[in-house]
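Asker: The residues making up each chain are set out below.
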Amino acid sequence: MHELGIAASILESVEKEAERHPGGHISRVGVKIGELSGVDGDALQFGFEVLVKDTPWEPLTLEVELVPRVQRCSKCAYEFRMTDFDPRCPLCGDFASQCISGEELDIAYMEVDE
Amino acid sequence: MNRIAVERKVLNENQILAEQLRERYRQNGVLCVNLISAPGSGKTALLERTLERMDNSTRVAVLTGDLQTENDAKRLAKFGFPVKQITTGGTCHLDAKMIERHLAGWSLEDLDLLIVENVGNLVCPSSYDLGEAAKIVLLSTTEGEDKPLKYPSIFFKSELMLLTKIDLLPYVPFNAGLARENARRVHPGMEIIDVSSITGEGLDRWMGWLQARQKKPVAADS
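Chains as they are written, first to last, in the numbering used here: chain A, 16 to 129; chain B, 1040 to 1261.
Worth flagging that the hints you see were computed from the coordinates, not collected in a lab. Given the structure is predicted, the values throughout are model-derived calculations rather than measurements. Virtual Cβ for every residue (Gly too), placed ideally from N, Cα, C. One or more hints might be untrue.
[Said to hold, decoys possible] Calculated cross-link-like contacts (lysine to aspartate or glutamate; reagent style DMTMM-like; alpha-carbon spacing at most 25 Å): (1) B:K1136 <-> A:D109; (2) B:K1048 <-> A:D57; (3) B:K1136 <-> A:D128; (4) B:K1048 <-> A:D109.
[Claimed, not checked] DEER-style ranges, computed between Cβ atoms: (5) A:H40 <-> B:R1063: 22 to 28 Å; (6) B:Q1066 <-> A:K90: 36 to 42 Å; (7) B:G1183 <-> A:T98: 35 to 41 Å; (8) A:L66 <-> B:K1255: 37 to 43 Å.
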């Protein structure tokens, strides 16, 4: 239920970036949302649309890229997508692995129409 | 049309503030922990027992967050340590700005331990770094064993899990082994301590954990 606040933070970043492009219009912002970030992509999309609607920010599209949880085996360094919370390395069977992606809550890019 | 790579955290402003707080804690030798759980898992009861057992050599302060009421601050103020209530007025989590604001008036030099009791919620607090050295998640025996699987983010990000209300184990259909297994599936190697704020079981281990953690360097990321 904090997606509206997250959406507002994204819009703040857009506002900052817009200041650097006087006369331009930011039409798209891309974010990366990790599986472990605790943020729901659909709720974020909805909150963002609500914030942008009927404001000078329109047209502005939010593109959400969902990032899966990837682990790296501590023994054989194999990288694998973790499904169903099974930490075992599918290659060597070792239980020790480290999370290398899936925690993202990042703005990746913005598109500016100059 | 021009695409610009931004590569910035969505919660950049919060992150910057959190890093500033972390640096202030580091400079002043303060351990800050962030207690997170569902409503009713026993955060405040645990804090009461914790403050009760704290000897005078540890200078501890508590920030306690809730949507409404000063009830928790009143409960915790009895032990003679500085306590402040953060009333969010509806917001479902604490953020770094709220912490910074409520620290005003306290001198960090005079503290060893700052305990932040987050708003009861397993989802939103996991996204907001408060500058803490460690997040601590509580799971009680009156909840489901599968909570770590349902709310993986917070169990993944927490350094320690406290399994609370273990005095109720004989009366509730809660499989503690399965709960621990689920927690470690989400977060392999996570430390887990079983506690009861009623009988006092496990509290020595918890106090020992806090004491040992004060000697460790602050985690670079949380």
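Asker: Each hint needs a verdict: does it hold in this structure or not?
Answerer: How the hints compare with the structure:
1. B:K1136 <-> A:D109: The hint is violated at about 42 Å.
2. B:K1048 <-> A:D57: 19 Å, holds
3. B:K1136 <-> A:D128: 34 Å, violated
4. B:K1048 <-> A:D109: 33 Å, violated
5. A:H40 <-> B:R1063: 22 to 28 Å: With Cβ atoms ~40 Å apart, the hint is violated.
6. B:Q1066 <-> A:K90: 36 to 42 Å: 39 Å, holds
7. B:G1183 <-> A:T98: 35 to 41 Å: 21 Å, violated
8. A:L66 <-> B:K1255: 37 to 43 Å: 41 Å, holds
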